[in-house]
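Student: FYI, in the working numbering the residues of the sequence shown are 1 to 930.
Keep in mind that the hints were calculated from the coordinates and are not lab data. As the structure is a computational prediction, the values presented were derived from the model and not from experiment. Check the hints yourself; a few may be wrong.
Straight-line distance between alpha carbons at most 27 Å, and here's what the computed DSS-like set of lysine-lysine pairs gives [stated by the list, open to error]:
| id | residue 1 | residue 2 |
| --- | --- | --- |
| 1 | Lys438 | Lys424 |
| 2 | Lys255 | Lys219 |
| 3 | Lys47 | Lys95 |
| 4 | Lys640 | Lys855 |
| 5 | Lys438 | Lys103 |
| 6 | Lys438 | Lys95 |
| 7 | Lys447 | Lys481 |
| 8 | Lys479 | Lys257 |
| 9 | Lys41 | Lys481 |
| 10 | Lys103 | Lys219 |
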Amino acid sequence: MATFTERMAPALVLWLAVCLSGTWAVDRGNFKTCDQSAFCKRQRALKPGQSPYRALLETMELTNTRLTLQLINDNNKVRLLLELYRLQGNMTRVKINELKPLKPRYEVPDVLIQEPPTEPLSLLSQDENGVVLSLGAESQRVIVSARPFRLDIMEGREVLMSVNSRGLLAFEHLRMRKDTQADPEAEKKEEADPAPQAEEAANEEEEKVEDGMWEETFKSHSDSKPNGPSAISLDFSLPGVEHVYGIPEHADTLKLKTTDGGDPYRLYNLDVFQYELYNPMALYGAVPVMLAHNAQRTTGIFWLNAAETWVDISSNTAGKTVFGKMLDYVQGSSETPQTDVRWISESGIIDVFVMLGPTPQDVFSQYASLTGTQAFPPLAGLAYHQCRWNYNDQEDVQAVDAGFDQHDIPYDFIWLDIEHTDGKRYFTWDPHKFATPKDMLQGIMDKRRKMVAIVDPHIKVDSNYKIHNEIRSRGFYIKNKDGGDYEGWCWPGNAGYPDFANPEMRAWWASMFAYDQYEGSMENLYTWNDMNEPSVFNGPEVTMHKDAVHGAWEHREVHNLYGFYVQMATAEGLIQRSGGVERPFVLTRAFFAGSQRYGAVWTGDNAAEWDHLKISIPMCLSLGLVGISLCGADVGGFFKSPSSELLVRWYQTGAYQPFFRAHAHLDTPRREPWLFGPENTALIREVVRQRYALLPYWYQLFYHAHRTGHPVMRPLWVEYPQDPATFAMDDQFLIGRDLLVHPVTEEGSRGITAYLPGKGEVWFDVHTFQKHNGAQNLYVPVTMSSIPVFQRGGSIIPRKVRVRRSSTCMEHDPYTLYVALNPQRTAEGELYIDDGHTFNFDKKEFIHRRLSFAKNTLSSINLAPDAQFSTPSWIERILILGASKPSKVTLKTADGQESQLEFEFDASMSVLTLRKPGMNAGADWTVVLQ
Numbered sequence: 001m002a003t004f005t006e007r008m009a010p011a012l013v014l015w016l017a018v019c020l021s022g023t024w025a026v027d028r029g030n031f032k033t034c035d036q037s038a039f040c041k042r043q044r045a046l047k048p049g050q051s052p053y054r055a056l057l058e059t060m061e062l063t064n065t066r067l068t069l070q071l072i073n074d075n076n077k078v079r080l081l082l083e084l085y086r087l088q089g090n091m092t093r094v095k096i097n098e099l100k101p102l103k104p105r106y107e108v109p110d111v112l113i114q115e116p117p118t119e120p121l122s123l124l125s126q127d128e129n130g131v132v133l134s135l136g137a138e139s140q141r142v143i144v145s146a147r148p149f150r151l152d153i154m155e156g157r158e159v160l161m162s163v164n165s166r167g168l169l170a171f172e173h174l175r176m177r178k179d180t181q182a183d184p185e186a187e188k189k190e191e192a193d194p195a196p197q198a199e200e201a202a203n204e205e206e207e208k209v210e211d212g213m214w215e216e217t218f219k220s221h222s223d224s225k226p227n228g229p230s231a232i233s234l235d236f237s238l239p240g241v242e243h244v245y246g247i248p249e250h251a252d253t254l255k256l257k258t259t260d261g262g263d264p265y266r267l268y269n270l271d272v273f274q275y276e277l278y279n280p281m282a283l284y285g286a287v288p289v290m291l292a293h294n295a296q297r298t299t300g301i302f303w304l305n306a307a308e309t310w311v312d313i314s315s316n317t318a319g320k321t322v323f324g325k326m327l328d329y330v331q332g333s334s335e336t337p338q339t340d341v342r343w344i345s346e347s348g349i350i351d352v353f354v355m356l357g358p359t360p361q362d363v364f365s366q367y368a369s370l371t372g373t374q375a376f377p378p379l380a381g382l383a384y385h386q387c388r389w390n391y392n393d394q395e396d397v398q399a400v401d402a403g404f405d406q407h408d409i410p411y412d413f414i415w416l417d418i419e420h421t422d423g424k425r426y427f428t429w430d431p432h433k434f435a436t437p438k439d440m441l442q443g444i445m446d447k448r449r450k451m452v453a454i455v456d457p458h459i460k461v462d463s464n465y466k467i468h469n470e471i472r473s474r475g476f477y478i479k480n481k482d483g484g485d486y487e488g489w490c491w492p493g494n495a496g497y498p499d500f501a502n503p504e505m506r507a508w509w510a511s512m513f514a515y516d517q518y519e520g521s522m523e524n525l526y527t528w529n530d531m532n533e534p535s536v537f538n539g540p541e542v543t544m545h546k547d548a549v550h551g552a553w554e555h556r557e558v559h560n561l562y563g564f565y566v567q568m569a570t571a572e573g574l575i576q577r578s579g580g581v582e583r584p585f586v587l588t589r590a591f592f593a594g595s596q597r598y599g600a601v602w603t604g605d606n607a608a609e610w611d612h613l614k615i616s617i618p619m620c621l622s623l624g625l626v627g628i629s630l631c632g633a634d635v636g637g638f639f640k641s642p643s644s645e646l647l648v649r650w651y652q653t654g655a656y657q658p659f660f661r662a663h664a665h666l667d668t669p670r671r672e673p674w675l676f677g678p679e680n681t682a683l684i685r686e687v688v689r690q691r692y693a694l695l696p697y698w699y700q701l702f703y704h705a706h707r708t709g710h711p712v713m714r715p716l717w718v719e720y721p722q723d724p725a726t727f728a729m730d731d732q733f734l735i736g737r738d739l740l741v742h743p744v745t746e747e748g749s750r751g752i753t754a755y756l757p758g759k760g761e762v763w764f765d766v767h768t769f770q771k772h773n774g775a776q777n778l779y780v781p782v783t784m785s786s787i788p789v790f791q792r793g794g795s796i797i798p799r800k801v802r803v804r805r806s807s808t809c810m811e812h813d814p815y816t817l818y819v820a821l822n823p824q825r826t827a828e829g830e831l832y833i834d835d836g837h838t839f840n841f842d843k844k845e846f847i848h849r850r851l852s853f854a855k856n857t858l859s860s861i862n863l864a865p866d867a868q869f870s871t872p873s874w875i876e877r878i879l880i881l882g883a884s885k886p887s888k889v890t891l892k893t894a895d896g897q898e899s900q901l902e903f904e905f906d907a908s909m910s911v912l913t914l915r916k917p918g919m920n921a922g923a924d925w926t927v928v929l930q
């Protein structure tokens with residue numbers, strides 16, 4: 001925690017900013033703290049200690065696929081059912097529910113891509129204190145202790161993770177409200193099965209009714225809570241761990257902080273206007289996945305619950321000064337570092353997946369096997385996107401499009417925000433400003449470019465609006481607690497909210513993207529889902545009332561799934577409109593576990609400030625760790641106006657992040673890249689062109705992310721897991737394994753210090769080709785044109801250096817290969833080529849080649865001999881960094897032909913350039929240096 005004076009200074013600055021410029025930061029009063037969230041306050045009041053739960057070993061049943069066991073709370077005699085599964089791929093699943101709930105409790109559907117396949121659990125030993133079960137590989141086992149109940153997952157003599165070791169398991173059972181009339185259904189149930197109810201009757205006497213259990217008020221909003229208290233909580237202890245990551249979305253550092261003395265991290269999708277940085281407040285999305293890492297192992301916890309969730313983190317080493325840690329060392333203190341994590345959710349059941357790694361890549365694969373991988377975007381989706389709220393009319397769109405050509409800056413997508421519609425009625429166009437949308441789209445298509453238009457999930461209540469009438473007549477709106485259609489205030493004014501949790505509603509929504517339904521749409525129009533938390537301007541915390549109703553369930557159960565379902569239905573609509581041929585592109589603001597399957601995410605309404613530029617790096621790194629690789633931040637900042645220096649630095653950073661889009665608020669001055677003077681235009685042009693040149697590498701990485709679930713933009717520790725210097729680093733990052741980027745994010749910077757990881761590694765500056773050794777901090781002087789990027793020695797990266805007006809215009813252009821040598825290892829890379837936009841890659845229509853350089857021979861080998869695809873693209877140049885001068889260079893092609901290649905050698909930089917070798921990019925060939 002900061003000292004009083006350290007905390008005082010920013011508060012003073014904030015106060016001055018508010019006084020001088022009107023409102024500036026988030027209105028915290030709109031959003032709950034843990035103390036204002038009744039279930040969080042109740043659960044947090046439980047302190048670590050002896051758990052009231054014990055396992056009833058006599059109830060244990062062990063089948064080939066699972067163990068079941070009853071737990072009893074000795075304080076109130078309520079019984080729970082524990083289910084334990086050993087899953088394929090080194091994972092364990094723990095489910096806890098009431099044994100006999102008053103009514104079913106919500107279990108999250110649609111997020112898992114399948115029921116996870118199990119492996120047999122075998123009983124190793126059993127006595128009155130507990131049971132020991134084998135988890136198969138490498139002497140892994142789980143110990144179930146009976147009194148109090150706890151689980152320990154072991155490998156050999158090492159505890160990997162303990163569950164309920166601090167006794168914080170809590171499960172608020174569903175119950176009848178005493179001061180209301182009895183429910184006749186419950187009375188019938190009591191007659192049929194009196195024992196549990198009798199037990200409950202006894203315990204109800206002891207349980208006091210606290211504020212907020214049966215209804216809760218926040219500001220002017222009340223939550224009726226008809227089901228009463230239903231919160232759940234469970235603690236996990238991670239011995240040997242000091243670094244935990246994940247649980248996005250928060251505007252915070254990559255390494256999660258301890259929450260002692262403050263609020264827990266909150267997962268509750270909210271439209272947070274002008275969010276603050278470096279705090280645990282909830283933002284637009286929620287992925288309840290945490291990774292833990294030390295030099296020996298990486299593990300993960302996936303808490304599958306879609307209700308409001310809070311996550312507490314504590315550590316026995318947190319807050320210790322370096323001196324304190326040294327003192328421990330000198331005194332021989334044997335305290336192992338440990339991180340304790342506690343999850344608290346408002347309702348549902350406990351359903352948790354423990355991913356046991358042991359490597360970071362194993363954890364990524366384990367999580368992908370549960371929730372799926374990143375959707376493979378169309379190639380153009382990885383190019384540059386130009387957006388603002390709003391381009392005024394068709395003439396404005398045409399002028400901006402022409403401006404990019406005039407200033408020789410490539411772009412692929414231009415975006416339209418809410419003002420393009422007819423009075424905020426989505427799926428429509430303003431009849432005056434966008435009177436002939438197909439003409440506009442055709443004009444963009446003629447330049448081989450595309451457009452994204454916004455389609456939000458709040459629907460204007462207007463009897464003359466087809467979409468509203470259809471949803472209302474089909475009964476597809478979310479209902480309020482009294483059974484009427486739920487209505488709230490958003491951009492169109494009074495709006496209804498479609499029930500996207502209903503698969504029939506999703507299917508109908510998808511059908512609305514058909515070309516004959518969405519008037520004015522064409523195949524180069526794609527979609528942006530905003531405000532899908534959902535945002536309700538006059539609702540509690542700017543979102544929906546929790547007692548609104550989705551069929552059989554309250555909104556509180558499904559809240560964090562809403563945006564996930566909106567993006568799912570929209571992506572399905574874009575696929576269906578093409579007959580299943582074309583890949584969709586859908587950007588969402590709200591998301592959940594599994595959202596990676598449907599498209600892109602961005603970090604929401606940031607601001608034109610240096611700290612917001614800095615925070616874009618850990619925010620996207622955190623999303624990548626939990627499967628969502630297609631992440632970006634609004635370049636330039638959404639609110640406020642950037643200085644030209646900040647704008648240029650933001651372009652330089654965004655060009656090396658996965659989703660690259662400039663965006664700006666309605667009230668900000670225009671900021672197309674050519675409006676800041678010719679020098680800045682040139683700087684922006686240069687970095688956008690760098691992005692386009694690297695598109696083959698980005699595309700290949702996203703193909704891998706789609707196949708494996710591995711992140712594209714990675715923290716350094718993912719590739720250097722035994723180097724503690726990397727564990728908390730979040731001002732630089734890797735793209736794949738082979739590019740290291742340290743953006744300049746300080747105002748007025750004259751230099752940065754980049755950490756080049758890896759003993760025995762060499763790194764080449766991609767601009768100067770200067771070679772540097774790994775395992776060092778390197779000071780790099782910078783000017784306004786600098787973006788420090790390094791290629792790892794031992795890698796081969798393909799580029800297309802003939803940059804044109806859009807990525808589609810570059811489809812058949814030739815490749816340049818950048819081969820960076822490390823004398824200690826073979827240099828390797830890949831080249832992946834397909835048509836760039838359809839699902840035909842799933843039918844084996846692609847080229848996938850391994851490029852390798854060893855023993856002075858560079859070769860291209862087919863990685864997918866059963867795949868069929870051809871390309872006119874050829875290899876026009878090869879640069880070998882760290883090379884020696886050869887006497888001759890010979891090209892050997894698959895048909896046995898040999899030819900001598902021209903080359904140039906720069907002895908000062910040890911760079912060998914082979915010009916026009918001329919072989920087809922999809923062919924077998926070798927180049928031999930002699």
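Student: Against each hint, give a clear statement of whether it holds in the structure.
Tutor: Okay, the hints, checked on the actual structure:
no.: 1; hint: Lys438 x Lys424; result: 19 Å, holds
no.: 2; hint: Lys255 x Lys219; result: 33 Å, violated
no.: 3; hint: Lys47 x Lys95; result: 23 Å, holds
no.: 4; hint: Lys640 x Lys855; result: 55 Å, violated
no.: 5; hint: Lys438 x Lys103; result: 52 Å, violated
no.: 6; hint: Lys438 x Lys95; result: 52 Å, violated
no.: 7; hint: Lys447 x Lys481; result: 51 Å, violated
no.: 8; hint: Lys479 x Lys257; result: 39 Å, violated
no.: 9; hint: Lys41 x Lys481; result: 25 Å, holds
no.: 10; hint: Lys103 x Lys219; result: 31 Å, violated
Checked against the numbered hints listed earlier, the structure breaks hints 2, 4, 5, 6, 7, 8, 10; every other hint is satisfied.
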